[in-house]
Every structure is written in structure tokens, then in C-alpha cells.
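Asks: Given the sequences, and given the hints that come with them, work out the whole structure.
Protein chains in written order, with the working numbering: chain A, 1 to 91; chain B, 1001 to 1277.
If you're looking for bench data, these hints aren't it; they were derived computationally from the structure. You may find that some hints are simply not true.
[Claimed, not checked] Derived lysine-lysine pairs resembling DSBU-like cross-links, with alpha carbons at most 35 Å apart: (1) 1043/B / 8/A; (2) 42/A / 1043/B; (3) 8/A / 18/A; (4) 84/A / 1210/B; (5) 1210/B / 8/A; (6) 18/A / 1086/B; (7) 1043/B / 1095/B; (8) 18/A / 1095/B; (9) 18/A / 1043/B.
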Amino acid sequence: MTDYWVSKLFFDLQHDGKLAAEYRADMAAVIGRYEIRPDIRKALLEDDVATLAPLVNAYLLRFYFQIRGMPESEFIARLHALQKPKESAHG
Amino acid sequence: MADLVGVFAASHGPIIARDWETMPAGHRNRLAAGFDEIGRRLKASRPDLLVVISPDHWVNFFISNLPAVCIGIGDEHDGPPEPFMKKVFPHERLKGHAAFGRHLLQTALDGDFEPALSHRLKLDHGTCIPLWRIGVDIHLPIVPLIVNDLEEPMPNIRRCLAWGRLLRHAIESYPEPLRVAILGTGGLSHSIGEPTMGWIDEEFDQTCIKHFEDGEDTRLAAFLTQALPRTGNGAHEIRDWVIAHAAAGSKGFELIDYFPSPETLVGAGFASWRLSS
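Replies: Below you can see the structure in the form of C-alpha cells.
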């Protein structure tokens, strides 16, 4: 289920370098400007890929974790950990 | 009347730009050869105008306002905004072709299609990686045809075929002499930001290629409609190839090259269509 405000946060970070810099310095303050639920706020602060992945477009998710500075290899590994057993052959 | 002088397709992916200098030389050389051959054929076709069919990677549109199809009808468009693109393709402005863009828009509306329009689009890596690598003349006017390939629901494959035929009709009904080429970008299979990220579905890619070579629309549409939900999300960009295919007249294509490119996370494909008269 798409979460509009998490998507909006990720979209804004992609478009606004100053906001992205501010986000790196104080994530909680920036998150506070969006109507984001407490459990999702926690997931953002903890870089919880598993919780965030179903909420946003996959391309925005990738960009967001680039902004967060997560190495792509780690991002991919965290995504692969979400695969159901029948999908594992596609890894 | 304008003439369709060439129809091509090529993959794209941010890593192609970001890691071009650092990827293994053999891999870079093979990617370069595919792009170079399209560039050679495009130049030989002596186009006055290039229609580029591409997705928008959340650069122009968001889920608050997301067109299925948008035609760029401006005299000018913005170059790529991504920092990794500015290093390799540092063009802040790209020339548009307002007259053909408007003609395509009007032809669409007259044909019961209702695309969005934009007088100024930002042309992201989906458009500009192929332009960069094929060495396009930076003064060649571009008419962008942006297709929603990223966020479901997306245009169905039958509609993409219809868009291709409409594009061909717009070219042939344009009242001025103009040599028009088409470039579809994206695909083949890839998987981005989802649990299968990095998966390149070679079986899907090879079957796609077979159907494009065969050229038969019904079988192509049936295959893609069945297969797209079962492969990686990046494969949805095949819509841009489908539009190019139908614009060329569905007479089959010549595969220039295909190979899985795990270095860039895409099934890398390069193709040139046979044109129907």
C-alpha cells in the first residue's frame, strides 16, 4: 500500500539538495514536517528497508537509500533478505 | 509529409553513467559498441528530429500527478538533473521541436488519445544516457514521449502498440518535409529497489527478442501481458520498445546486441527496426 507522505519525503529529497543535506544533519526534524506515522518514522530513523519497501515506489526507495549513504551492495542484500523462498532462485 | 527514417532502441541505467570509467574495460567496450552502432545508424539516417520514448524517473512527475503518457511540445527542454549525469552529459538545455510536438499532440487528440502535454520537460538519464553514448548531435531537436513505465497501473501493451501506430500516422501526416527518427529507451529486464533487485531475466529477454524479430503484434502483446507481472519491475520499460516497434510498422527488428549486464543491473539490448513503407 502506497504511503503518500513517505513517498513525498523521498521525492522531495531527490529534488532538493539543501533538504537532503538538512536530512543528513537532522532526520527527525525533516520527518516532522510530513504527516508520517510514528511506526514509519521509527523505520526511517532505523533505515528499516523491510518496513519501508512496501510503502513507496521501488525507484524512489533506491534513491532514498543512496541519499542515506547506504552502499548499494548492502541495500541489495537487505532487499534479497525479503524474498519469499519460491523467489530465491531469482536472486 | 515527414518521413520516418530510422527506429532504434537502447537500454539505459544510472550505473552506465556513474561507473562508465571504472567498470571492467571489456564490459564497457561491449556497451560502447552497442551504443556506437545505433549512433552510426542514426547519423546515417540524417534525421531532422528525434522522438525519444522514455520513462520519467520521478523527475517531472509524482504520484500526485502522474500521466500515463506525456508529449513534450516545447521549443526547449532541460537537460538531466541527476548529479551523476551532469558529469557526462553537461547540457542544461536541449532543443525541442514545438511544431512537431504540437502536431503529435493534436493527432493524438483527434485519434481519441488523451496524453498530457508539457512545454518544458526535464530529460533524465533515461533519455540522456542513450543520447550521450550514441553521440547525438546536441543541436538535433528532440520530441520527448514520456510513458509511465514505473508506477502501476501502466498503459497496457495493446495501447502501446496503438501509440506506436499513432506516432507513425503523425509523422506521415505532418505537413512539412522532415526526416524523423525514433529512439525507444529502457529495458530489457532488470529489477530495481525490490526483493529481486539485480535479477536479469534472460529467458524473458530472449523471448522478447524473438517476438520483436518476428514482428507479430498479437503474439508480442500476449507474451508481454502475461510475462511482465512475473519479471523484474524494470522490464516495464519494454513499453518504450513496443511503441517504437509499432511505429516502425511491426516488420521485425535487427538485434544489434544483447547481453546480461550485471555490472549495470540491466539486460542490455540494442536494436534497429526494419521499416515498412
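Asks: Next step is simple, just say for each hint if it's right about the structure.
Replies: Status of the hints after comparison with the structure:
no. : hint            : in the structure
1   : 1043/B / 8/A    : violated (41 Å)
2   : 42/A / 1043/B   : violated (53 Å)
3   : 8/A / 18/A      : holds (16 Å)
4   : 84/A / 1210/B   : holds (30 Å)
5   : 1210/B / 8/A    : violated (40 Å)
6   : 18/A / 1086/B   : holds (18 Å)
7   : 1043/B / 1095/B : holds (17 Å)
8   : 18/A / 1095/B   : holds (29 Å)
9   : 18/A / 1043/B   : violated (41 Å)
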